[in-house]
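Protein chains in written order, with numbering that gives the first Met the number 0: chain V, 0 to 319; chain R, 0 to 247.
There may be inaccurate statements among the hints.
Example chain V residues on the side facing chain R (calculated, C-beta under 7 Å, incomplete) [to be verified]:
# : residue
1 : Asn-41
2 : Ser-47
3 : Val-105
4 : Gly-110
5 : Thr-144
6 : Val-181
7 : Val-184
8 : Phe-301
9 : Pro-305
Label pairs and their computed distance ranges (CB to CB) [stated by the list, open to error]:
#  : chain 1 : residue 1 : chain 2 : residue 2 : range
10 : V       : Gln-317   : R       : Ser-181   : 45 to 51 Å
11 : V       : Asn-211   : R       : Asn-238   : 24 to 30 Å
12 : V       : Gln-317   : R       : Ser-166   : 55 to 61 Å
13 : V       : Asp-62    : R       : Gly-223   : 51 to 57 Å
14 : V       : Lys-312   : R       : Pro-219   : 30 to 36 Å
15 : V       : Ala-316   : R       : Asp-229   : 19 to 25 Å
16 : R       : Gly-190   : V       : Met-0     : 35 to 41 Å
17 : R       : Lys-51    : V       : Ser-123   : 51 to 57 Å
18 : R       : Ala-224   : V       : Ser-123   : 37 to 43 Å
Since the hints were derived computationally from the structure, they do not count as laboratory data. Idealized CB from N, CA, C, for every residue including glycine.
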Amino acid sequence: MSVLVYTESEKGKFKKAALEVVSYAKAIADQMGTTVTAVTINADNEDSLGNYGAARVLSIKDDALNTFNAKKYASAIENAAKNEGSKVVVVSASADSKYLAPLLAVGLEAGYVSNVVEAPSSVSPFTVKRSAFTNKAFANTEITTDVKIVGLSNNSFGLVESGGTATIEDFSPTVSESGVSVESVDKAADKVTIADAETVVSAGRGLKGPENWGMIEELAEVLGAATACSKPVSDLGWRPHGEHVGQTGKPVASNLYIAIGISGAIQHLAGINSSKVKVVINTDPEAPFFKAADYGVVGDAFVVVPQLIEKLKAFKAQNA
Amino acid sequence: MKILVCISHVPDTTSKINFTDGDTKFDTNGVQFVINPNDEFGLTRAMWFKEKQGASVTVVNVGGVETEPTLRKALAIGADSAIRVNTEATDGFAVAKQLAKVVSDGGYDLIIAGRESIDYNGGMVPGMLAAMIDANFVANCISLEIDGTSAKAIREIDGGKETVNTSLPLVIGGQKGLVEESDLRIPNMRGIMMARKKPLTILEPTDVSAETKATSFEKPAPRGAVKLVDVDNIDELINLLHNEAKVI
Ligand SMILES: Cc1cc2nc3c(=O)[nH]c(=O)nc-3n(C[C@H](O)[C@H](O)[C@H](O)COP(=O)(O)OP(=O)(O)OC[C@H]3O[C@@H](n4cnc5c(N)ncnc54)[C@H](O)[C@@H]3O)c2cc1C
Ligand SMILES: Nc1ncnc2c1ncn2[C@@H]1O[C@H](COP(=O)(O)O)[C@@H](O)[C@H]1O
């Protein structure tokens with residue numbers, strides 16, 4: 000009956016989103032008067048999940064699951080949920096979790112709601128608030144099935160440390176065969192991804208050309224941030240497609256979003272609006288982004304960004 | 000090859016989003032509807048398969064009569080035939096169930112859907128459909144090549160991409176990259192004339208009930224005015240981000 004949560008790891012290390020979904024699952028478990036069981040796949044330091052509210056960890060160690068495979072992972076989690084008799088399963092909003100969740104939903108005959116932004120307003124009926132219309136609105140959504148799957152939007156709940164401890168049990172699920180196999184993975188090592196980042200530094204056409212991205216990358220590095228861009232910038236080939244954010248690109252739900260030389264078109268804002276704090280740097284005081292931002296600097300990026308980098312470095316040195 | 004392209008009918012990206020009936024219904028007043036952008040990339044890739052490798056392309060929507068202009072537009076772009084399953088699209092599960100029936104009755108080899116629809120943003124229909132019909136599934140698909148019954152696809156992952164090998168029958172959740180923006184086609188007069196004569200079949204729905212239900216909608220709280228910081232006072236920006244916003 001426990002709330003089951005799938006905690007993603009990469010090369011053994013838990014993603015930040017994994018700790019966030021455990022914190023969130025704990026809030027649901029408290030509402031339902033039950034406990035949290037986490038499922039891990041080839042992760043290290045499983046006991047660290049106790050601190051975020053997991054009472055038990057089902058630890059799967061299986062070489063066949065070394066590379067992510069949606070169908071195999073979904074079947075393993077389905078197996079765990081059935082074993083536990085869980086009525087609620089929580090997953091994150093990472094690309095992998097969003098890939099496996101619909102498969103899991105069919106396997107568990109569970110209603111699935113994605114992009115959920117806060118703890119359920121009620122557990123009976125089970126009602127959650129999700130973002131819809133690409134962040135232009137929220138939909139309060141009831142899940143009517145016996146088993147429910149909740150996909151939590153990144154950075155929407157935060158980490159809650161409860162100081163608990165978890166017991167760890169080995170778990171060997173039955174894993175389905177899959178007709179999809181990975182040939183190669185092309186991923187920048189050690190770079191913060193837009194999905195995981197707490198801060199995103201994003202730049203637009205105002206930067207004039209790809210040769211000017213050095214300062215954007217430097218600013219991102221100082222802040223430990225991911226880099227992103229507006230759609231025309233990736234269309235022009237100045238930056239890779241994977242950096243394009245907005246309604247038709249990647250969604251951003253960071254704590255801090257810094258937009259440099261981006262006008263703030265409705266399609267851009269739609270994708271980044273769920274970021275908590277937004278800063279705009281733009282030469283044009285009439286740019287629509289100023290209506291959507293919390294903080295703004297009317298100024299030339301080529302003047303402001305280098306200054307910001309210097310001052311942030313000094314600030315970091317002081318607060319180190 | 001028989002290709003089915005799933006088309007969701009969504010408000011144009013510039014639409015203002017409002018609700019009626021005590022915030023329980025999306026207000027379609029004055030809203031222009033379009034082919035979901037992710038589906039438009041998929042449809043264009045389907046046309047490429049048709050022209051280069053030989054394939055028939057059917058488009059499908061689960062929805063009311065109001066979605067027919069969107070299906071006609073897909074026909075004008077070049078799809079051979081269209082199907083509308085005549086029922087309200089209540090949730091992702093119910094839509095996937097209707098589509099599963101269309102696929103098993105029609106014997107399609109490749110089902111191209113979008114990564115997500117930009118209205119509901121469920122991101123669940125293609126995966127659920129694949130699981131229901133026991134087909135292979137690739138999400139966030141940005142490249143697709145088919146050779147006989149083998150397929151090679153690239154999917155976007157957090158921070159990069161992954162190349163996978165798979166085979167038909169296959170469902171993809173597609174997005175930009177399947178084709179580029181410059182490859183998208185605006186229907187021409189001839190296409191529009193031909194679309195009028197192409198078959199648009201209306202199927203009655205199978206009996207399924209939704210698993211989730213949107214009970215009410217809200218809009219984000221209006222935000223306070225932006226705080227402007229002078230260009231010569233970047234220290235103040237750092238101060239605000241540290242002490243007030245607490246994000247650095
Ligand atoms: C169907 C559809 C979907 C779309 N989806 C997306 C999407 O997902 N994401 C997205 O981003 N866009 C999307 N768009 C495009 C969107 O409408 C805008 O065209 C785009 O966001 C503009 O990008 P930009 O702000 O970089 O460029 P511009 O609009 O050209 O803005 C550049 C800004 O830089 C400022 N500037 C110039 N020089 C400087 C300087 N030296 N220092 C500081 N500022 C400077 C200018 O004042 C201006 O405000 C979509 C459009 C359509 C039709
Ligand atoms: N009512 C519908 N009719 C046909 N296809 C749909 C419908 N709703 C969603 N789809 C398809 O499923 C994809 C993902 O939609 P969603 O799961 O709603 O985000 C869309 O891009 C479409 O390809």
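Hint by hint, here is what the structure shows:
1. Among the interface hints, the one on Asn-41(V) is violated; its C-beta lies about 17 Å from the nearest C-beta in chain R, farther than the 7 Å criterion.
2. For Ser-47(V), the interface hint is violated, since its Cβ never comes within 7 Å of a Cβ in chain R; the closest pair sits about 21 Å apart.
3. Interface hint at Val-105(V): satisfied, since its Cβ lies 4 Å from the closest Cβ of chain R, which is below the 7 Å cut-off.
4. Interface restraint check for Gly-110(V): the shortest CB-CB distance to chain R comes to about 3 Å, inside 7 Å, so the restraint holds.
5. At its closest, the beta carbon of Thr-144(V) sits 5 Å from a beta carbon of chain R; the interface hint therefore holds under the 7 Å criterion.
6. Annotation: interface hint on Val-181(V) holds; nearest CB of chain R at approximately 5 Å, less than 7 Å.
7. Restraint check, Val-184(V) versus chain R: the minimum CB separation of about 5 Å is within 7 Å; hint holds.
8. Among the interface hints, the one on Phe-301(V) is violated; its C-beta lies about 11 Å from the nearest C-beta in chain R, farther than the 7 Å criterion.
9. Hint on Pro-305(V) is violated. Least Cβ distance to chain R is approximately 10 Å, over the 7 Å limit.
10. Between Gln-317(V) and Ser-181(R) the CB atoms are about 49 Å apart, so this pair conforms to the stated range of 45 to 51 Å.
11. Against the hinted window of 24 to 30 Å, the Cβ-Cβ separation of Asn-211(V) and Asn-238(R) comes to about 27 Å, which satisfies the hint.
12. Checked against the hint of 55 to 61 Å, the C-beta distance between Gln-317(V) and Ser-166(R) comes to roughly 58 Å, which is consistent with it.
13. Taking 51 to 57 Å as the suggested C-beta distance range, the pair Asp-62(V) and Gly-223(R) conforms, at roughly 53 Å.
14. The hinted range of 30 to 36 Å is satisfied by Lys-312(V) and Pro-219(R), whose Cβ atoms lie roughly 34 Å apart.
15. The given range of 19 to 25 Å is respected by Ala-316(V) and Asp-229(R), whose C-beta atoms sit roughly 24 Å from each other.
16. Remark: the range hint 35 to 41 Å for Gly-190(R) to Met-0(V) is contradicted by a beta-carbon distance near 57 Å.
17. Range check, Lys-51(R) to Ser-123(V): about 54 Å between beta-carbon atoms, so the 51 to 57 Å window is met.
18. Between Ala-224(R) and Ser-123(V) the Cβ separation comes to about 41 Å, which falls inside the hinted range of 37 to 43 Å.
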